[in-house]
Amino acid sequence: MGTLVVADHDNTNLSDATAKVVSAAKQLGGDVHILVAGQNCGSVADASAKLDGVTKVLLADDAIYSARLAENVAELVVGLMGDYDAVLSSATTMSKNFMPRVAALMDVAQISEIVKVEAPDTFVRPIYAGNAMQTVQSSDAKKVITVRTTTFQAVGQGGSAAVEKIAAAKDPGLSEYVGDRLSESARPQLTSAKIIISGGRGMQSGDNFKLVEAVADKLKAAVGASRAAVDAGYAANDMQVGQTGKVVAPELYIAVGISGAIQHLAGMKDSKVIVAINKDEEAPIFQVSDYGLVADLFKALPELEAELTKLGL
Amino acid sequence: MKVLVPVKRVIDYNVKARVKADGSGVDLANVKMSMNPFDEISVEQAVRMKEAGTATEVIIASIGPAAAQETIRTALAMGGDRGILVKTDQTVEPLAVAKILKAITEQEGADIVILGKQAIDDDSNQTGQMLAALLGRSQATFASEVKIDGDKAEVTREVDGGLQTIRVQLPTVITVDLRLNEPRYASLPNIMKARKKPIDEKTPEDFGVDITPRLKVLKTTEPPTRAAGVKVESVQELVAKLRNEAGVI
Ligand SMILES: Cc1cc2nc3c(=O)[nH]c(=O)nc-3n(C[C@H](O)[C@H](O)[C@H](O)COP(=O)(O)OP(=O)(O)OC[C@H]3O[C@@H](n4cnc5c(N)ncnc54)[C@H](O)[C@@H]3O)c2cc1C
Ligand SMILES: Nc1ncnc2c1ncn2[C@@H]1O[C@H](COP(=O)(O)O)[C@@H](O)[C@H]1O
Numbered sequence: 018m019g020t021l022v023v024a025d026h027d028n029t030n031l032s033d034a035t036a037k038v039v040s041a042a043k044q045l046g047g048d049v050h051i052l053v054a055g056q057n058c059g060s061v062a063d064a065s066a067k068l069d070g071v072t073k074v075l076l077a078d079d080a081i082y083s084a085r086l087a088e089n090v091a092e093l094v095v096g097l098m099g100d101y102d103a104v105l106s107s108a109t110t111m112s113k114n115f116m117p118r119v120a121a122l123m124d125v126a127q128i129s130e131i132v133k134v135e136a137p138d139t140f141v142r143p144i145y146a147g148n149a150m151q152t153v154q155s156s157d158a159k160k161v162i163t164v165r166t167t168t169f170q171a172v173g174q175g176g177s178a179a180v181e182k183i184a185a186a187k188d189p190g191l192s193e194y195v196g197d198r199l200s201e202s203a204r205p206q207l208t209s210a211k212i213i214i215s216g217g218r219g220m221q222s223g224d225n226f227k228l229v230e231a232v233a234d235k236l237k238a239a240v241g242a243s244r245a246a247v248d249a250g251y252a253a254n255d256m257q258v259g260q261t262g263k264v265v266a267p268e269l270y271i272a273v274g275i276s277g278a279i280q281h282l283a284g285m286k287d288s289k290v291i292v293a294i295n296k297d298e299e300a301p302i303f304q305v306s307d308y309g310l311v312a313d314l315f316k317a318l319p320e321l322e323a324e325l326t327k328l329g330l
Numbered sequence: 028m029k030v031l032v033p034v035k036r037v038i039d040y041n042v043k044a045r046v047k048a049d050g051s052g053v054d055l056a057n058v059k060m061s062m063n064p065f066d067e068i069s070v071e072q073a074v075r076m077k078e079a080g081t082a083t084e085v086i087i088a089s090i091g092p093a094a095a096q097e098t099i100r101t102a103l104a105m106g107g108d109r110g111i112l113v114k115t116d117q118t119v120e121p122l123a124v125a126k127i128l129k130a131i132t133e134q135e136g137a138d139i140v141i142l143g144k145q146a147i148d149d150d151s152n153q154t155g156q157m158l159a160a161l162l163g164r165s166q167a168t169f170a171s172e173v174k175i176d177g178d179k180a181e182v183t184r185e186v187d188g189g190l191q192t193i194r195v196q197l198p199t200v201i202t203v204d205l206r207l208n209e210p211r212y213a214s215l216p217n218i219m220k221a222r223k224k225p226i227d228e229k230t231p232e233d234f235g236v237d238i239t240p241r242l243k244v245l246k247t248t249e250p251p252t253r254a255a256g257v258k259v260e261s262v263q264e265l266v267a268k269l270r271n272e273a274g275v276i
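Residue numbers (our numbering), protein chains in the order written: chain A, 18 to 330; chain C, 28 to 276.
Everything labelled a hint here was simulated from the structure, so no lab data went into it.
Just so you know, even glycine gets a beta-carbon here, dropped at the ideal spot from N, CA and C.
There may be inaccurate statements among the hints.
[Stated by the list, open to error] Distance condition first, Cα-Cα at most 20 angstroms in a straight line; then the derived PhoX-like pairs of lysine-lysine:
hint	chain 1	residue 1	chain 2	residue 2
1	C	246	A	133
2	C	258	C	47
3	A	289	A	133
4	A	289	C	246
5	A	237	C	258
6	A	133	C	243
7	C	47	A	211
8	C	47	A	316
9	A	235	C	243
10	C	243	A	296
[Stated by the list, open to error] Pair by pair, the computed Cβ-Cβ distance ranges are:
hint	chain 1	residue 1	chain 2	residue 2	range
11	A	184	C	118	34 to 42 angstroms
12	C	267	A	179	50 to 58 angstroms
13	C	235	A	268	48 to 56 angstroms
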């Protein structure tokens, strides 16, 4: 027996979150297998097979998995769980959608967003927007776990596991995919970027985000936002960093015109270096920043861009 | 069409949770408690469906201590029709909550259950998905737009890459995200009216649900704290520090 990791992917590319989940899975002991459920996703299975520590890849290539609808993926995973002690996946919107369904069908608790494996049945997870860390021991025979990937190192790429094709499970026929509006961006993704610059309500308009983007281009950074900026329509929903958005931990996080509410801090306070630019010297964001600049962002951002240009960036 | 809206009483979102000195949990004594903010969005959605004539009745349910009655009253003041309080002083994990909600959904014949995507205390993000699984129903999570169309619902979801639209078979379970709507404030007359709306009191045993936790909390600790750093005087100084001191650019 061992652990099944469900791959996060878009039918073409394996998300780098999966290599981090594998690293958590290895800490449980036993074999680590990866399940790739999708359509025309052979390239994802091949990439999965290369991950260090993975001994087998199960490939369920079928039209009913093209959009990884929760009902369908859950049905497939539950059917495989006779062979495994635990199933792990990343705490991404894809996995948050189907994993609790798997847990309920197996009558076990899901352990959400673990940041540490203490023992094969004991895990640490943040609660209350990360204001407390809870160590929990599971009494369930099988474990269903989502992994907060910011705290696990990705495994390497030296593996060569066999890929085994498996049949699709029955289609519950409960839902269908209609379409999506995915954000296109040439910039790095928020969850894997080394540098992130985020704008908040202080940006005053979506148009003003150009100032943030200009700096992002210099630093090859991803662009994030606070909830207030997303709600106001200055930025897209997938840019929200925080308790209920994306959790990030880059080497450098620059918060511009963001006050530093608990819910925002929950998503970025594990960044290595934090910079805040805010005109209010009392803003709570300064309590977590390594470097704080009290300034008007409309003056500071163009200056920052110019300084970076001087450095040849 | 009947709509069930489960609401959870949680620490107010403006309050910073503090870990008890003995590591036994989070200190909730004398802390302001409110309705989970996502659940306000669910209540708003359900009430709008009733106003639009799509829903015939909006039932509010909460599982928790006696004080959760206040949370139900708040939802009734927003426009819910009646409440069900499943009283217990124990911690109820999402799986057990889902089991109790399954029983209520079946008893009440609720066609749509609308939950928050996440409770801001346990940050589990599980209950709606679990309920859908136990009921054998479709699910539409993290909704930012909901359109009911005959025996189907078309739901736009907030996903990591942007937005995704799916069509689900009714009956269904929906969990809501931040951008679905802006919840109303209850008016004074509606708060008064809500006092007269009925709230049924039950216990988990009434539904035959075993709420024994599956997870044993071994300890609760403070997260690592960050010391505040320094203020810099200028952009030039900032860039110099980032390059020479922190080495991140
Ligand atoms: C259930 C729930 C979930 C939430 N989830 C999240 C989440 O995931 N992520 C998140 O970010 N928030 C979240 N929030 C919202 C959070 O509570 C705050 O409301 C939000 O983070 C505030 O965003 P902000 O800092 O951009 O805006 P504000 O708090 O309004 O701060 C704006 C800041 O900009 C500064 N400023 C203004 N003009 C200038 C200028 N010209 N130059 C420099 N500085 C300027 C101001 O001094 C101020 O500090 C959530 C809230 C709830 C209830
Ligand atoms: N004790 C409870 N009583 C009523 N509803 C609940 C309870 N716990 C969770 N819920 C519902 O489930 C949603 C998600 O909670 P969770 O899965 O704990 O993050 C909440 O927004 C509520 O709608």
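How the hints compare with the structure:
no. : hint                               : result
1   : 246/C to 133/A                     : holds, 14 angstroms
2   : 258/C to 47/C                      : violated, 32 angstroms
3   : 289/A to 133/A                     : holds, 18 angstroms
4   : 289/A to 246/C                     : violated, 26 angstroms
5   : 237/A to 258/C                     : violated, 25 angstroms
6   : 133/A to 243/C                     : holds, 16 angstroms
7   : 47/C to 211/A                      : violated, 35 angstroms
8   : 47/C to 316/A                      : violated, 44 angstroms
9   : 235/A to 243/C                     : violated, 48 angstroms
10  : 243/C to 296/A                     : violated, 45 angstroms
11  : 184/A to 118/C: 34 to 42 angstroms : holds, 41 angstroms
12  : 267/C to 179/A: 50 to 58 angstroms : holds, 53 angstroms
13  : 235/C to 268/A: 48 to 56 angstroms : holds, 53 angstroms
Comparing the model with each earlier hint shows violations of hints 2, 4, 5, 7, 8, 9, 10; every other hint is respected.
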